[in-house]
Amino acid sequence: MNDLLDRLADDVRPVRPLSLGHGRILAGTAALATIATVLVVFGVRPDLADGNPASLTLLVAGLFALLAVAAGWSATRLARPAVGGPQGGAHWVLAATLLLPAVSIVEFVSGSAGTMDVAFGLRCFAWGLASGLFTGVVLTHWLRRGATVLPEKAGTLVGLTAGAVGALAITLECSGSGLAHLGLWHVASVIVAALLGRVLVTPILRW
Amino acid sequence: MILTDDDLRRLMARAQDGDRPSYRAALAAARDWLVRYYTRRIAPDMVDDLVQDTLLALHAKRATYDATRPFYPWLAAIARYRWIDTLRKLERAPQTIEDEDIAVRSDEEPVLARLSLERLMTHLSPTQASCITLAKVEGRSIAETAEITGQSIAAVKVNIHRGLKKLAALVESE
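Chain order of the listed sequences is A and B. Going by the working numbering, the first sequence wraps up at 241, each residue one higher than the last. Going by the working numbering, the second sequence wraps up at 178, each residue one higher than the last.
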């Protein structure tokens, strides 16, 4: 055993301590780049471009932004091994976001939701997922430099962050404004991204 | 020599700057702590391997240590992660764990008490806890465990799988 200690000690080199701030800046930059790219490619949604955004749009976009920040904050924190301590409020923001599909379903059941354009919904769902990919890759790559002891949770949070960023970007360009559309299709991309993160990112984060 | 958390914190900060003597001293203290930690948690003949595995992990991930924070919780989180990982991979441990209580230094008691296997096991169902204890800590076969607990082999496997999954989730949250 002493041989191992000597070998490890001989191998010691200066290392720069992992900075959570660095990871957060990287993820934030990736998110902003994603949003900018989506808006350049697809254009800004009409009400926002006119400077008169619908209240619901702002509310939904705000929830996605909060979710992205909360989930990203918690994900980066998991890069460091730790026992106990606060895990961030991502689950509460997610719960608030899930109110959107819940209310949408109530609208459908009560018959006040009107008709749904499934093709348009699928388009937003798919682009929401795709748009979050870059942020997810950047965050995953950075987390691999760390040593998460909760890879499943970290994977889920990476997916949640990526999904929220993608949904935010698409919400800012999509012309749909109904609660049924935003609450179901846009939120669906966040949920699916979180599930994909748990399944696909978790093995990558194991060490 | 007994090193306090403050001592380790300073040593690790110097180690991150590349100071060999400080790192060697920190590794020795970590080894001593890990030996006591794992002695309570895994078959005796596996302790050395697990300690070495954890020291290699510590070395590889030393950049994740934040010198402004306590050292032992950081080490404990890595130790538990490696322990759970080993339990998952373990098909059969050949020997039974000794029923002895290893003395623990007073400065480590809060951490060890918090991380004890018994405490973790309280989060599992009685059947999950008994299956994991028999098969993964005491090293009995699945068939023996099934016979002792009165469950089918399939049920034992399910209980071990679910119990270990839950233990892994508790690594940081407990």
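Just so you know, the hints here were simulated from the structure itself, not pulled from any lab data. Predicted, not measured: the structure shown is a model, and the values here were computed from it. Any given hint could turn out to be false.
[As the list claims (entries may be wrong)] Here chain A is said to cover these stretches of chain B; the calculated rule only asks that three of the stretch's residues, wherever they fall, bring their Cβ under 8 Å from a Cβ of chain A:
#: 1; stretch: 64–76
#: 2; stretch: 141–147
[Stated by the list, open to error] Negatives, chain A to chain B, calculated, CB over 10 Å:
#: 3; residue: D44
#: 4; residue: G145
#: 5; residue: W241
C-beta atoms are modelled at their ideal positions from N, C-alpha and C, and glycine is treated no differently.
Going through the hints against the structure:
no. : hint    : verdict
1   : 64–76   : holds (count 9)
2   : 141–147 : violated (count 0)
3   : D44     : 7 Å, violated
4   : G145    : 42 Å, holds
5   : W241    : 7 Å, violated
In this structure, the hints that do not hold are numbers 2, 3 and 5, in rising order.
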